[in-house]
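Chains as they are written, first to last, in the numbering used here: chain A, 1 to 312; chain B, 1001 to 1471.
Just so you know, not all the hints are guaranteed correct.
[Claimed, not checked] Simulated crosslink set (BS3-like; lysine-lysine; CA at most 25 Å straight-line):
id, chain 1, residue 1, chain 2, residue 2
1, A, K160, B, K1236
2, B, K1047, A, K153
3, B, K1213, B, K1236
4, B, K1358, B, K1047
5, A, K307, A, K84
Because the hints were derived from the structure by calculation, they are not lab data.
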Amino acid sequence: MSQHAIKAVRSPIQRRNRIKLNLWCWAFVSLTLIFYLLFQGYPILCSIYYSLFNWSGMTSNMAYVGLENYRSLLNDSVFWGAFKNSFRYMIMVVPLEVVISLFFAYLLNDEKLKLRTAYRVSLFVPVVVTASIVGIVMVFIWSSNGIINYAMKSMNLIDKNINWLGNAKYAMQTVVYVSVWKDMGTYMIYWLAALQSVPTDVIEAASVDGATRSRTFFSVVVPIIAPTAGIILILCTINSLKAFDLIQTLTGGGPFYATDVIATFVYRTAFTSDMGLPRFGYASAAATMFGIVVIIIGAVLNALKGKLQDLQ
Amino acid sequence: MKKRLLSLLLACALLMSVSGALTALADEPITLRVYDWSDSTLVYRQKFHEEFMEKNPDIKIEYTQLTIDQFNSTVVGAIQNGEGPDLFPVPTTLNLTTAVNEGWFLPMEQYLSEGFVDTFQDGVLAEGVQRKNGVLYTLPESGSLSNSMIFYNKDILAECGLEVPTTFDEFRAACKTITETGAGRYWGLIEGGNQANRCEILLRALVQSAGGKIAINGRALTVDGRAPYDTPEMAKAVELLQGIVEDGSLYPDTASISAPEARELFAQGKAAFLCQGLWCIGTWANDHPELNYGVMTPPKGADNGYVANVEGGPWMGIYAKTKYPEAAARYLEALYSTTDYHYQADVVKSGSYVSVIKGVNEANMVDPVMKEYYEAASKCIDVPIATSRDAKFYDFYSTVVGATPSLASIAQGILSQAIDEPMDYLKALSDAETANWKTACETIGVDFAGLEFPNWVAGQPYTSEDYAALQ
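The shape of chain B in the complex, shown without the other chains (with noise of 0.2 Å):
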């Protein structure tokens, strides 16, 4: 008789432990995991999850930042095996078409609610960078603006009595000046030199400056049949860079800093001019709001220069393999959410970014320097771009092959006085650049001339009726 109480009262227990087992993980929130490399919005990105998961307690937020080298070199043989976390970009080595053909990310609009779409300011969310095929895959991260504006210390300026430069001469004196003023307390121009594709940036953003034609930074565009590493343009810009070093008007440790190094340095008064971006501003009105500052479209080398505007880029898309696409998709709608949460006002009010939804950015630019840096942005023009004229160019960038040095290792070689005859390194670059650029297209069954744009002028906005011109 006891036996059998015992053996009962066992088998209650066992129920019991297993029905509290099965209820607790009823109750337990889903854990959503979120990569990504966003590192100048991280205060506002964890603020917005507190809020997020406070008002979602049935999902649990796992934010994983890495650098763009990291995620390329980790997560992205997880996603291919299935293993990849539920929200992520589309990394920058790769486009949106190749991304969306390995099966990647899911067709998002089924989880979204109507209307979300319409949120989105009229045109980002374009076809071969957001959407394929009229589906979309992916939503933007910020709005797209020029990011090589010319930040400058204005103490400086003023200590060195100094004007705004405006023209590469102008330029080159003032950093000359406030170098010898400076007398080893500051410098002319510091500069992110051991990321090689931010000396490119610099260096192509001079090269459309002295009127250059010149493709955005990692995209191809002939002129007369030939790369455009070699011209003129390009040797004014090379000629300005060489000589703000060989006079010593260049932050000594340039050469060997990251960019993030570069913008402390900047912002602790070590040099008075900086090419960077938009995402300086918030990292400086955090970090330190002493900072008198102002920002600038880099000197004008000729009467037609001009700054090109970037590129928009896919960004955040729902893992095609993920448990819970419905949940991906309400983090999406929160994260761009202007009635609920807070996240598109804060980056946009801190000067992190633009936004990409619409009245955002009207209601919350309070930043005067991002008002400023807005305006000369808008100066900024549309460059002819090959994807543009014909999707199947995004085929192009999966085909082609990089010459070495490329054109990144060759800016960063002038700054840091590597090499003595860089003119000599970018005609080669040209030559096998225009070579490489030809086979691709031979690869993927396009017409090379493609990538010429003969009715595009130099300093002129290249228009969609341009592009209708050329068909």
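This is chain A alone, in the form it adopts within the complex (with noise of 0.2 Å):
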């Protein structure tokens, strides 16, 4: 048989056995596009139809108003306000986020520490902790009685107490060092993943050539985890611009907008009104456009992680 005759015979078998295997993945992949569809991609059409119009999500009568609510949230102060928030609140926990796990999780992977698993559980609790739970309890601990006052007053760092959530000079600090607290388990976890995957050898290799655990560290462990270290940023990022549940329980988005960041600003819009009613679709658009500069983020982000990768 020529080798054209094996070719003709082997293709259409190949193809067989490739559409079967894309039918599986399929397959598999359908039962979760579905819920993706219901429950996150129509919601994000309605809302990018709601967003042309002028409605209060209360009444029947949907006014269109074309790009009107868009061109009005250029000139909302405090619609830009939440937005330099949201930006604010991601440059200050990202790195934080990001360096802290990155280091309990490198201190937790040596197997010669005692009781590492108790240390990674205690860490990792907080995040499976209701946002609101932890919301009603750090508005205590934070208080100007609570028990942050007391210790700092005692080891002589403040002359008066101070409340960090309802001062806006405090606020959003204190909104992020929760938020750090709360969180960092989850990216700790990753980067344990992608730590165990360094090899022994390698490490121990370094180690015979006499480099320091922190040589060994930046020279050796960071660039094989420097891939994981790509998604993980990509994660935090997107995740701190997405914040809301922490920030409403806690402050509101208050004291006077100190802590106001878009997803507290839409859910104000949307459901509140001083006077008059509420403005389902305004909110709409101002959750559209910053979804739009969270895409772009991500997806500039992604692109950068490829180059790095490719650099590498």
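Assembling the complex is the task here: the two chains are given apart, and the hints tell you how they should meet.
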């Protein structure tokens, strides 16, 4: 049989196998895809649609206004304040979260460390606690009569008690600390997974060559876990831009918009109003506009990650 | 033969089980779903429901209490989709006209027994508030009394050797003395500062006490063609609040606590003054019977200072798509009954609120502070309301877009020291609201001048004759 004849017989079989494989893949993905389309895709499309209307979300009279909501947003100082705060929050949270979680992961990856599982669990516990519960408890802890003030006063770090969440000067920082404490466990788990993929013989070789622990970390471990770092960075950035539950329970976006991020702005605009009806359409426009920005940032970060991997 | 017998037996068994199920279904009580956010009367409501179900075994009450925000974000969607509860209140963000136009409520009089409506005090089932075009759609929860009275802790005032302050200056000085004497045990004033609406209510009350012309919460009124948020009286009220904050006389966590938390901390003796409403009395009677306190109108900032009456609002109505309108009407009749049920008497006795049913307050108001509150509130005056002048203004509130930062946010910013120059924000707010109100008036086709009441003298009650004089 000639080579051409063999190829001619093989390719339909290969094609059939490929189709079969693809079908199986789609079969496994389909359930997730259906749920995604129902509970993520459909609401996103609805939100885009509603953003073109002047609508309270409470009545049936929707007035089509085209891009008017988007135009109004451009002149809304409170929206831009929330927009800025979202990025301020991201810039403060992401480095802290990524570095601290890596630090703990590296520390707790040491097999010689006793009770390391207990430490890992204790650092992961805040992740599984509901954000609203954390919010309520933290309001007490950070209150002017709370334990933070007591501890800082005992150490002579402050002269008089501070209402950390009620003072515009400190509110954002406080929210960031609580957020880092709450979510750090998730990223620590990602880092641990990455660290466990580092071959032990490479570490041992570095040690035999006389490298210190920090040198081994920066020169051997970091290059190996760098691809995971990219994913963690993207996830952390996107999650910080979507922050809502913790901020809503801790401060509600206050005092005087000091911790108001886009999610709290959208929630407040969509469901409450001091005068007149809530503005569901306007809130949808804000959510859509910010969503587009987040997508662009995600795409840019992803492209950067790809570039870095190529360079490596 | 055996097979036939077996089939016959099976058929009989099937028939019996079906008829049994049908009988059970027929005997099963109907479930009436009731939703609202009346947290201060929860105990009495639950007691009422037990009493009601005992006397009406054919009805099972499924009562759900939410916050206003939860109601707006969850139940409203269900109402629009035809899945709403059988009985629910008009959301605070809507007015009756809009709710009725949306077809949410049934005209209820046809389901109510004769004479029931006559048991209500005169004037409470008002046009535009509970009725639309004469048709009754909702009933009020309680009598409308001012929600900006000042409660004071008598023990703290005695310990500091102070009398009840009556002017702005006295109030600020009293707060300062109290805070200094308390030395970390208690402070002058406490507020639920993370609820911007409470901050706004306090600020508006102080503007009124300074003799400023300002509408009640959530309502629009112009003075010389402008939203009156940058007036000298407003500046005076702001100055007082800023002074209290600067003196350190405001409870330090005020900015991050809610109104119920402030209420609780006041009862624990953490502050001498609290600005809230009647609902506190019932809660304190239950949770802090030892609390020695009194109630006063806000201190005066000018001779023509006043406290405004609040506008009565619509409350519970029967869902237009309910399957059980008769049962829902029976529930409402029982809730307001003074002969077969005790709910109205209970809430008045406990000091939770005043009843809208004739004779209930007179017979059951036993709490001395509640009587004090009632007396203080009776000195409140009616201020002009655009909807009373022209019902078309109900559409104004469905159309107008509120400016930001709102008065509530600015008031919150003052209490939390988040803004240094509040009058700049208030001027910008006046400009923005004036423009927004003009736009809303144009949209619905009413004259912007309808928001102006030139014949109103601040500090004097605005009467029906005054409305008539403007026609």
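Status of each hint after checking the structure:
Of the supplied pair hints, the one linking A:K160 and B:K1236 is violated, its CA atoms being roughly 29 Å apart against a limit of 25 Å. Of the pairs offered as hints, the one joining B:K1047 and A:K153 is violated, with about 48 Å between alpha carbons and a cut-off of 25 Å exceeded. Among the hinted pairs, B:K1213 with B:K1236 is consistent with the structure: their alpha-carbon atoms are about 13 Å apart, no more than 25 Å. Pair hint B:K1358 plus B:K1047 holds up; C-alpha atoms about 22 Å apart against a cutoff of 25 Å.
Straight-line distance between C-alpha atoms of A:K307 and A:K84 comes to about 28 Å, which puts the hinted pair past the 25 Å bound.
Of the numbered hints listed earlier, those contradicted by the structure are 1, 2 and 5.
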